[in-house]
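Peer 1: Kindly produce the complete structure, drawing on both the sequences and the hints.
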Amino acid sequence: MIRTPWPRALALAASLLIVLGAAPPDTIVRPPKFDYKMTTLPNGLQVVLLEDHSTPIVHLAVWYHVGSKDEKPGRTGFAHLFEHLMFKGSKNVKPDQHPSWITSIGGEANAETDEDATIYWETVPAQHLPLVLWLEADRMASLDVSEDKFKTEREVVKEERRMRYENQPFGRLPEIIFDKAFTTHPYKHQTIGSMADLEAASISDVRAFYRTYYVPNNATAVLVGDFDSGEAQQLVQRFLGRVPPGKPVPREIPAEPPHRGESRVSVTEAWPLPAVVVSYHITYDGHPDAYPLHILAKILSDGDSSRLYKSLVYEKQIALAAFGEAKLIEHPNLFYAVAIVQPGHQPQEALRELDRQLELVRQNGVTADELNRAKRQFARDYILGRETVRQKALHLGHAVVIHNDIKSADGEFDLFQKVSLEDVQRVARTYFTPESRMLLTILPREAAAAGRP
Amino acid sequence: MHRSRLMLLLVALVLPALSGAQGWPSEGPPPPLAVHRVDFPDYQLRTLPNGLQVLVVPHHEQPSVSFRLLVGAGAVQEPADRPGVASMVASLLNQGTATKSAGEIATLIDSAGGILGVGSANELTSVYGAVIKDRTDLALALASDLVQHPAFPADEIALHRKQSLSALQVGYDDPDYLANAVFDRIIFGLHPFGRPNEGTPQSIERITQSDLAAFHRTWFVPNNALLAIVGDVTVEEGFAAAAQAFGNWERRSVPEITLPTPPVAARRVVVIDRPGSAQTEIRVGHLAIPRTHPDYIAFDLAIRILGGEGANRLFGVLRSDRGLTYGASADFHAFRSSGDVEAETNTRTSGTGESLRLMVDEFARLRRELVHPAELRGAQDFMAGHFPLSIETPAAIAEQVLTRLFYGQSPSEIETYLDKVARVTPAEIQRVAREWLKPDQLSIVLVGDAATFVDQLKTMGFSEYERIPIADLDLDAPTLRRSPAGRAPAPGLPPA
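Chains as they are written, first to last, in the working numbering: chain A, 1 to 453; chain B, 1 to 496.
The hints are simulated quantities; they were obtained by calculation from the structure and are not laboratory data.
Careful: at least some of the hints might be erroneous.
These stretches of chain B come out as covered by chain A in the derived footprint (C-beta under 8 Å, 3 or more residues) [claimed, not checked]: (1) 99-112; (2) 132-146.
Per the computed footprint, the stretches of chain B lying under chain A, defined by three or more beta-carbons under 8 Å from a beta-carbon of chain A, are [stated by the list, open to error]: (3) 52-63; (4) 339-349; (5) 378-388.
Note that the structure is predicted; figures quoted are calculated from it, not measured.
No residue lacks a Cβ here, since even glycine has one placed at the ideal position from N, Cα and C.
Peer 2: Structure representation (structure tokens):
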């Protein structure tokens, strides 16, 4: 590389003594480690406390280890629909009173559901810690949703599906990718679910789901902020500790069988421009290969000097946008790359170039400069992603619930910095195989009808 | 309540091992702990000899540094027939300078592991970035080069034009984008705030390199800019870094801006027909007061009660009570010279008329009825309680200071603001609502499958509306319609 920026040039000069062929070392300042305390209460609830006195606020996140991959056939979307119902009243809290209580003290509260977990959270001024623990305990122990509220909220969720997926260009893109790439594992469907399944859900499903998954032995409470850990631990025990335990949680999730051949899929959508996708089945979050796969995704997709942007958007100008992601979550998922095709260009041209870019990594690997760049970008994301109490809690909760290893909340920084050029090429060779490849083309409906590509 | 209790009991009889709700105590919430003291974090303000105002907010928790440069250059200063100039200037700042190509800029910032972004709005352009702290000088030097010496190379303009046209092709098929663009267009008319910031397909074709260079030369000067540096630096390091990177930026005089007066509010109902839509995007509102108006605080509270955090009547009526939407809100956008109030939601096509009627009724209710003191207190308590949450990150702290400076107010207002909010009374809310809300002059935009809902509009009392097929939409034309004979309004349609 001739266009070496000066910090890299200095680093290069300093590295002449290093073994030939090694990447120039790039020492990145290590962000501070979390000084957390973790316990498990007698009812099975896992508790993580992290004192952070920088601002007088506290954040509570309660994770339930249930997401859309736990849904049964015919009930897609249920884990998320259920999340909405957790705001619809419990023994001591009237419907919608939880969020209004939180806003009346200036706090924020919300919930999120994904494939693997459901998170309920509140950020409030520090003195209101007892209130948020009490609110979470009340709905963990005594949710009480009326049929009327259930039906109204189901309409809200259907509107959410219409808004996010059905009524905007490219809204259904993830739904199409995962539906076509998976045959068996419930990652085949999106967390929002299908309209028909939402319509089919009943109040008795709500009660069965609550009894099965919303038990302290399936939950993790993460508390970050301006508190004294001794006092906070007592409050957690006092409110969440008295929730009775439930039965062991069933985990009968069908595995995705190995894919035996490349699939080529073409569909039509009412979109303004064509989209093309290349995907491969990869491993799960926490697997040693996960770190080089993340690095590889950065090299392909993070910033204007990334390979996909440079090739498809900037140099060849065949795409309006091009990006890729290693979707590493609890069970094996996908590496995929997407291009939105520029008018005047053939979708096949963009698809070939996407495919070629992934193939190039498989054949030739990546450069030392690219690897260093990706590591710095990773370090930046790591640092900027740990600024707020909510972000800190998210990393701790993810480490406990998804990795089942709280040490990974800090340990991943070093794992990423240790990734080598060989690691990156090895994972590309391991996973970018013809057997697991899907080439997907999504054409605008009118263009397809008119016989144009 | 009674009914659901009964159901739970029935379920308990049939299904064993219910979650122990029977033994769960009946009780109220616990009292709070002792209040923790909230102080606005330290910050320092200085002005460089060239007029650049610099704000430094030290914050040493994480080893990173972020910065934001605001330049007083936005859509408001564009030539009337060149909407999109400010946005194109911003987008091209990092696509080539006198000494660096777009590729070199990308490699520099990406290799440093940094973020460098540009953006523009009605009244400002921003350049922002974040780096691990050992690359602070590199990132600031790069930002300084971008704002001082952009080259606007011909090939980058060509690529940007192509990208913008494709992006607009997507935008013109996106109900959310269209609803916002048409709403701004009908309430602000030919005022710069009525033009789409990203331009129109026609204007993007018209914009030349000399338009870009002239806009940049006129407005990108240090005495028309603010810089915030926040994060893991000391105050002195921050000012030294700012002076080193931006000290040689040359001061020049900035022309006065003369703006057309925004049009008088007049009801206009526009239906953009997008067949096959799963929802209707709805916007309702009209012009309002600027950020510097004496009624700003009371009016802002009134709109928060209508549709903001801490109260939000629209959310309650549309979502919680009726399940008509996922989201409903109202925003008060206040600029230096003008402002607007805009309520928005999206709903299934069959709920279009009902949702619209409910939204308009809520505007009227705010004038008609005195707000209940508890409801007002809810909105006030939210703002007061939320203060410590709003100063959590150095960037959030900087934003509070920058906002004041940008609107020509003293940053010391941060400390008195909440006292002023707390003093607003229900009568004051009603006074500003009666003065500044005009339910009979609300403009309305509906983007959706017109055939499925226009009959509902008549039933709900909106008998007059303009129905524009999405393929005929022209945001440059007063009628909003593409007309075969240039821009002449079609006969029989109301003027803009």
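Peer 1: For every hint, state whether the structure bears it out.
Peer 2: Structure-based check of all given hints:
1. 99-112: holds (count 11)
2. 132-146: holds (count 5)
3. 52-63: As far as the segment 52-63 of chain B goes, the hint holds, because 3 residues have Cβ atoms under 8 Å from chain A.
4. 339-349: Check passed, 3 qualifying residues.
5. 378-388: Since 9 is at least three, the answer is holds.
When held up to the earlier numbered hints, the structure conflicts with none and fits them all.
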